[in-house]
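Make the full structure from the sequences, and use the hints.
2 protein chains.
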Amino acid sequence: MNQLAITKQIIPFFLTLQNRICDALESADGGKTFQEDIWQRGDSGRGSTRVLRNGRIFEQAGVNFSYIHGDTLNASATAHRPELTGRSFKAIGVSLVVHPKNPYIPTSHANVRFFIAEKADSAPIWWFGGGFDLTPYYGFTEDALHWHRTAEALCRPFGHDVYPRYKRWCDDYFFLKHRNEARGIGGIFFDDLNTPDFMQAFAFTRAIGQGYLDAYLPIVERRRALHWGERERQFQLYRRGRYVEFNLIWDRGTLFGLQSDGRTESILISMPPLVRWEYNAKPAPNSPEEALYHNFLTARDWLNENC
Amino acid sequence: MNQLAITKQIIPFFLTLQNRICDALESADGGKTFQEDIWQRGDSGRGSTRVLRNGRIFEQAGVNFSYIHGDTLNASATAHRPELTGRSFKAIGVSLVVHPKNPYIPTSHANVRFFIAEKADSAPIWWFGGGFDLTPYYGFTEDALHWHRTAEALCRPFGHDVYPRYKRWCDDYFFLKHRNEARGIGGIFFDDLNTPDFMQAFAFTRAIGQGYLDAYLPIVERRRALHWGERERQFQLYRRGRYVEFNLIWDRGTLFGLQSDGRTESILISMPPLVRWEYNAKPAPNSPEEALYHNFLTARDWLNENC
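So the sequences go chain by chain: B and R. Heads up: the first sequence at position 112 corresponds to 179 in the working numbering, and the numbers run straight through without jumps. Heads up: the second sequence at position 142 corresponds to 209 in the working numbering, and the numbers run straight through without jumps.
Don't read these hints as lab results, they were simulated from the structure.
Copies of the same chain are indistinguishable here, so a pair counts whether it falls within one copy or spans any two.
Lysine to any residue pairs mimicking SDA-like chemistry, simulated, CA-CA at most 25 Å apart:
hint: 1; residue 1: 349; residue 2: 111
hint: 2; residue 1: 99; residue 2: 290
hint: 3; residue 1: 168; residue 2: 278
hint: 4; residue 1: 168; residue 2: 100
hint: 5; residue 1: 244; residue 2: 319
hint: 6; residue 1: 244; residue 2: 110
hint: 7; residue 1: 157; residue 2: 245
hint: 8; residue 1: 349; residue 2: 100
hint: 9; residue 1: 349; residue 2: 106
hint: 10; residue 1: 168; residue 2: 277
hint: 11; residue 1: 244; residue 2: 351
hint: 12; residue 1: 168; residue 2: 341
hint: 13; residue 1: 244; residue 2: 355
hint: 14; residue 1: 244; residue 2: 104
hint: 15; residue 1: 157; residue 2: 322
hint: 16; residue 1: 168; residue 2: 103
hint: 17; residue 1: 349; residue 2: 361
hint: 18; residue 1: 186; residue 2: 322
hint: 19; residue 1: 75; residue 2: 106
hint: 20; residue 1: 99; residue 2: 89
hint: 21; residue 1: 75; residue 2: 269
In structure tokens:
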């Protein structure tokens, strides 16, 4: 692991991934294209923020590339890894959130990232992280199975224990403790990955980043023609409130970005374009809205229950 | 300071204040009334949450009374006061947020609270806190002056240094660090108040709680007839996003509630009913929207500049 690998392998991978995802989302949308802002924050970072808005399918899709660095890692990064304290760092990543217009198409999120923390006269500490997770408004077993089967297939070449471990980590991570409720149906989440070696960890991260499209786009295709009305729209806007609550209260990535003096507009591209809160809202008994809570937001073991 | 004072003086004051504020807001609205939920959470607390929705003037107003207690204060309460660690506590308060429909009427927030932290064989540690602050969407100097003059007049009997000190504390507290932007035009904020004695601290807290209506209602009356359209509505929805960001990322009261296993629906009654985010939105040059940022969200010293 050295600067050469960062320049020649890691940055090109992330930039290519951003391009590939934007191209695929544009094709799926068939209406609008991404607008790009290239930004630089003094000596502390640079990036490219791409946003597609008011598309035929996507109400908003944001795909960020960023490369930030600093003299010290902040509290949200060192809280669980004290050995990082006092090290300079570089963080490179691609992060995206897609908010479709049709409430039958789930919101999706994916992120892949590389960190390196350095100190004079010490070996660098590096790791990869990432994953993808799905947040439906209306649950479809078929979609949940496709999502998790795709995740499992991407993980399998790296060991049979990889998917179950990272699936569980995803369920644990994307959880709203203040509501005792899952954000969505999960997927995979990994962090602190530096085993068995750089090449394998990087290959796994590439597989996850590239595999996101195979997990998500078939679901978009399957649901895009479903008719929806005001009822579904209102429930979608309401549930988007949970997305906001998770990202602003619990998400380490968001807090890391805001605490590192990141570019706020790029970080908060994850916010849905329109959101509703309603005091003490309860879904009607035996409604599809209630089924979402009962059957989908419950950290289920999809593949072992249903295969 | 003892249990008798809590039972005979403090709780009755807070309950009466909740009634008085709800009555006054209902009168001002002239349409809808408050609906009440009385709640209890095991042994750890109880409260009354009152919500008025879709009124003629108020899109949503939430007025909470709560009395919570526990064996240990959580991190958000002890971080700046380590002497409280390991003490049991009681927290009693009234908290409210009013989101008007008309974008020319500002959102307002007020809170008064009493804490007591106890340990065997030690004197109890008690304090009051509270304040009120105003968040306009369109700025009016006349309203800002009225708001701050009312605050100053409420503080004056308690000392000439009280208003400037608590005005500044309010500006410091209601600040979005990740945007380097004030939440609104401030008001007053105080905490840890236990001087000069219980009676005086309680009297000050009563003055602030009761004075909120004198600060806010004349502004509602002055702006309620102003005509507004889609442009003003869209800007209001957009600016409400800042309210959400502040409350979920920075507000100690919100975090304290969520960390103390509080009643989430009551705590998050502060969330606006409808909110919009827009990537990199910029107000048009020389517009009233730009004037809000330039002339109102800047922690101004209203009374000394203008009187």
